[in-house]
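Protein chains in written order, with our numbering: chain A, 1 to 275; chain B, 1 to 183.
If you're looking for bench data, these hints aren't it; they were derived computationally from the structure. Be aware that a few hints might be false.
[Claimed, not checked] Using 25 angstroms as the maximum straight-line C-alpha spacing, the simulated DSS-like pairs for lysine-lysine come out as follows: (1) Lys-150(B) with Lys-163(B); (2) Lys-88(B) with Lys-42(A); (3) Lys-89(B) with Lys-47(A); (4) Lys-71(A) with Lys-89(B); (5) Lys-267(A) with Lys-89(B); (6) Lys-41(A) with Lys-89(B); (7) Lys-88(B) with Lys-267(A); (8) Lys-47(A) with Lys-88(B); (9) Lys-88(B) with Lys-41(A); (10) Lys-89(B) with Lys-42(A); (11) Lys-267(A) with Lys-71(A); (12) Lys-88(B) with Lys-71(A); (13) Lys-150(B) with Lys-8(B).
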Amino acid sequence: MKERTFRQDHLLGIEHLSVDDIETILETAEAFIEVSSRDVKKVPALKGKTVVNLFFENSTRTRSSFEIAAKRLSADLINFNSSVSSLKKGETLKDTVLTLEAMNPHIIVIRHSASGSPHYLTTFARSSIVNAGDGFHEHPTQALLDALTIQIGPPSLVPVEFEKLGATVSYDMRGGVKNADVVMMLRVQAERGASNYFPSIREYRNRFAISRELFALASKRAILMHPGPINRDVEIETSMADSEQSVILQQVTNGIAVRMAVLYLLKGEVHETLN
Amino acid sequence: MEEKIKAKIMDDKKMKRALQRLAIEILEHNREAEKLALIGIQTRGVHIARRIQGLVKELEGVDIPLGILDITMFRDDLHMHEHQPAVKKTRIDFPIEDRDIVLIDDVVFTGRTIRAAMDSIFELGRPATLQLAAFIDRGHRELPICPDFKGKYLPTSRRERVKVMLQEIDGKDQVLIMEPKGF
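Only chain A is shown next, with the shape it has when bound in the complex (with noise of 0.2 angstroms):
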């Protein structure tokens, strides 16, 4: 086997990453599968390291799966939430953070409306970021437990076909969804006015939600993801979530595998020629 070198010292995107540091990453995060498994879900590797959730924007699920994955890591982790902070009172980002930088954290994970937000911490903070959403942008640790699932789902669909990483993008749900390996559903956002592109969630449901009968005509072995929350019978029809095919809660679990990976191979130390 191929020994690889992760040489980042931030997560900000996927578009920064190249196909070997992808690669690193899932092969790390396989390798922390088996780790969520044991009775003792608990490796030493990070003792002594801090990690600060940084969150300005609700997402329960992201933050406690970053939580799990820092606390089985054996990093001491803290929860900021923006509601109940300075930011409140009128701090703007940058001083919230120097003021978290004050306590010598390694790694912060930032949840954040705006867009590049991440990146605008590393051109002042000294531990390593994560990005875990920013706004429109990117929210990398979702899109690596997306391949992580369909990695080790069926072989048959194994990197070759992600390999052409062209899309075609149809409005025609039947026409998309013929002879897929990979359904994958997301959420109608309505806290980002996803509501407002659409005339209603009825007709939504009718021309888009993924039923048995839509779901039939991809391949026989093909797998249904959702990031969560599922808004059940909107772009989900209940008996498909909950079917065989879906493996939404594996994407679940997925996640923290590859958080663990992430927050292990970054390991919270800039290094200044890398800059």
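Chain B: place on chain A using the hints.
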């Protein structure tokens, strides 16, 4: 660091003999073969364990379970590396509770790998006994660890490196002592 071969210590015949002796010693020491299990430490320890497993099957006709252990997460020097070492897979598919476990590695040196392996195993359960088989014991222990079974004791100097080469990985069975170039 560039290295050169200082000496060839074992060829495939000698290695085969040493492995056979290890398998016999492990069986002699563990009367209840059905309680026995092997755990190989990634990467070369796993292949050595697999061979011992095969030899035990040949000798006694028993199948003893084999686990794979990666100790990266339990290393005590993680903070000393500039980049994190690669994590490999751990796969132990049998309960280790109340079993006689033989840990297997290619070379025992400072003892720190074995310390990490012991920590890792005790997170998984409480074996009845934990024993250590090292194919090569090269001395220079920094911890109170001593193999129960060894293929060969090989006194070395610290600047040397013992290279156990295996058919499965290196395409050839041999043991070499390497030393830095220029010495």
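So, against the hints stated earlier in the document, which numbers end up violated here? none
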